[in-house]
Amino acid sequence: MAVKMFRQCPDSGLYFHKSAESLMKAHAVLGVVFLLVGGLFGLLVAATRAPGIHLLDAETFYTALTFHGTAILIFWIIFFEVAVLYFASSTLLRCRPATPGIGWLGFILMLLGSVLTSVAMLKGGSTVMFTSYVPMQAEPIFYLGLILFAVGALIGCFIFLGTLVVAKAEKTYDGSIPLVTFGALTAAIIAIFTIASGAVILIPTLLWSMGFISNVDPAMYRVIWWALGHSSQQINVAAHVSIWYAVAAIVFGAKPMSEKVSRTAFLLYILFLQLASAHHILVDPGVSSTWKVFNTSYAMYLAVLASMVHGLTVPGCIEVAQRKKGYTNGLFEWLRKAPWDNPVFSGMFMAMIIFGFIGGITGVVMGTEQINLIIHNTIFVPAHFHATVAVGTTLTFMAITYFLLPVIFRRQLIWPGLAKWQPYLFAGGMTIMILLLLGAGTLGVPRRHWDVNFTDAALHYQFAGTAISMLGMAVVGAVLASVGGVLFCLIAVGTLVFGKKLDAGASLLSSFGFPLASSSYNVERPDKLGLTPIETSGHSDAHGAKGTFVLALVFLATFVVYFFINAKYLSSLWPMS
Amino acid sequence: MSITPPSQRIWWKEPIHKIEATWIIIALAWCLVLFLWMPYWHVYGKQNLSNESYKTTPAAFEAKAKAMVDKYTVRKETKEDIPVVAPPVGSDVYLVGRLWSWWPILELEKDKSYRIHISSLDYQHGFSLQPTNMNLQILPGYETVITLTPNQKGDFGIVCNEYCGIGHHNMLGKIIVK
Ligand code: HEM
Ligand SMILES: [Cu+2]
Ligand SMILES: [Cu+2]
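Chains A and B are the protein sequences, given in the same order.
Residue numbers 16 to 592, in my numbering, belong to the letters of the first sequence in order.
Residue numbers 102 to 279, in my numbering, belong to the letters of the second sequence in order.
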């Protein structure tokens, strides 16, 4: 007798395979746990950096900062990304996941690894920051946990690839894989490269911490570690850009403006990524300028080009879809009349704007070899990556969660009124914090620093008053963002437990597939996924995205101006050669 | 839609929108400007990091710094008696980063050039000259050499901006420009 393992969600029409769905839920839920805990540590860190509050003592501060960076950047993001991989393969392709049993093994490794590393950090003996630069040494379980976690994530990537193969072999879809799956494929390929680099550097470091190897070269460590550290940011970008396209399709029914352009842009991420770690090494000894310039430009600017292309085509495809619905007045009616009270859209759109305008521009500017001299290791750097990863990636994942909660868990969102405001709170708070920290960093305030007033130091230095007050005011943004972050976690977890059931079977256990004979899985094999229908009607033409084009030009102008302001600032430094 | 297979089986032969093509060209041109700006600045800019760096050891580097301090110390400052060193114009000057200080204090002349050697004796440190705001990563075992020409008078702080343990926030140094 054939087993019925699929169900079709009556609201979205998506098909979920029982094993894939349970894996998705497990990974996403753990991710949210780390977001909540890690985010609260972020607030403690921000409240300590504000000189007026100076909340934690020095030792606790550095421990909290290590935990914040690791738990949130690595554990939250990657747990969620593995869930996205199951969604983009099994769900979008209507296919059974390859080897779900091994998928659970991967999950257990990730869980074990994240717990080990977290314990190591919270105990206090591994306060080395998430970058763990040698020769500062953590306890072996810190590295061991990271390695186990990475192996688990690697398993997730291979199951994703396996699922694509199964889908192809069992002909579950027609034509080529959807753009979103293609984007997820890029993310998975980059992840495999990333984790390989991680293994190359973390395994020797583990052996060194256990005393089997006498020394790990610090320059080599930085080059290889950043092949892990940077490329993993490229995974995030590929993943969140895929979700932007998914949201455009889910909310607006949007089609990509051109499949060819969007897919080529994803491909650029893979091709031009190898040594993008170079932009973390711009002011390091031991590597030459030629190496730096070559590897930042060939490896980075073509990836930048890819992001600039997505920056046009994602809002562009939304604009085209909206114009077809009749929102054709002026340049921006399509945008004004977008569903700004739907957190799936508002979260995704703000994530995109802040990622591009703040994260993208600051990242490229400080990634310029010489300009890095005025930015390296100032608090400008954390400000930059909160725009990319705390808003760009995290807010995008929050947005798609609002869509997935009712679809996967079959429960109605609790507090829909608050959910409407949550993305604004989080994005607004983050933006305040980011802009103030960018300002303080431009004035030289260091990152990872407990006391910028140097109260106990033998010598003395006084930062400009504006720098110190910007650092102090940033905590206001941090509080708002934290309220937004906590609200998100409460809504997500609250919906699982208290949300009104959308169908009879939705108890918390049954949503994880217990009891096994859950009635909602009643489809043996979904219908084959067909090609996107070609629309014939509509107002759209080649000029359909002119509003987006204007936005893109505004973006470019901001970019150019900001770049040359920094070049000017650089030219005021003491001459050096 | 982006979540279903492309309408055209042969999607790679679809024409590209004019707006997309225009934007790709503009964006590519800007990326090229960004790239060319770096070699341009190497030739015409005055702030470039040298390519000079050497492998060293903490002991060897400390010995060279000590020799310089012994020779050119002009006075001591603070209750810790930190030596203030006034090396000859154009000479090789050694700055040590260690837990948790930049040692010694340097006294330089305005508009004169010095070859500054910097290394760490223990963990990684961040050389952050303030308020000029010039930042370098300093690694143990590697000696960074830059030719520096201070063009402002005054007292300048050297902050450490790479986390180096529990005393990191107390790690300061000083350059006096006369
Ligand atoms: C309410 C939310 C958050 C607040 C208030 C917050 C605040 C901060 C602050 C103040 C710092 C310290 C900068 C320093 O002293 O060097 C920091 C560091 C960091 N944050 Fe956040 N953050 C938040 C959310 C996030 C999210 C969502 C992510 C990533 C997904 C993230 C990733 C990081 C990382 C990687 C670091 C660097 C740690 C290090 O330097 O080792 N943060 N955060
Ligand atoms: Cu230091
Ligand atoms: Cu330090």
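What the hints contain is simulated information worked out from the structure, not anything from laboratory work.
Glycine is no exception: its CB is placed at the ideal position from the N, C-alpha and C atoms.
Be aware that a few hints might be false.
As the list claims (entries may be wrong) - Not the full set, but computed from the structure, chain B residues with beta-carbon under 7 Å of chain A:
| no. | residue |
| --- | --- |
| 1 | Asp-182 |
| 2 | Val-185 |
| 3 | Pro-189 |
What the hints assert, rightly or not - Cβ pair distances, simulated, as ranges:
| no. | chain 1 | residue 1 | chain 2 | residue 2 | range |
| --- | --- | --- | --- | --- | --- |
| 4 | A | Ser-303 | B | Ala-164 | 54 to 60 Å |
| 5 | A | Ser-587 | B | Val-175 | 26 to 32 Å |
| 6 | A | Gly-116 | B | Lys-119 | 49 to 55 Å |
| 7 | B | Ile-127 | A | Ser-27 | 49 to 55 Å |
| 8 | A | Gly-139 | B | Ala-164 | 31 to 37 Å |
| 9 | B | Lys-156 | A | Leu-282 | 49 to 55 Å |
| 10 | B | Lys-119 | A | Glu-74 | 57 to 63 Å |
| 11 | A | Phe-227 | B | Ala-164 | 46 to 52 Å |
| 12 | A | Met-235 | B | Asn-252 | 47 to 53 Å |
| 13 | A | Leu-568 | B | Lys-156 | 48 to 54 Å |
Numbers of the earlier hints that this structure fails to satisfy, in rising order: When the structure is compared with the hints, numbers 1, 2, 3, 4, 7, 9, 11 and 12 turn out to be violated.
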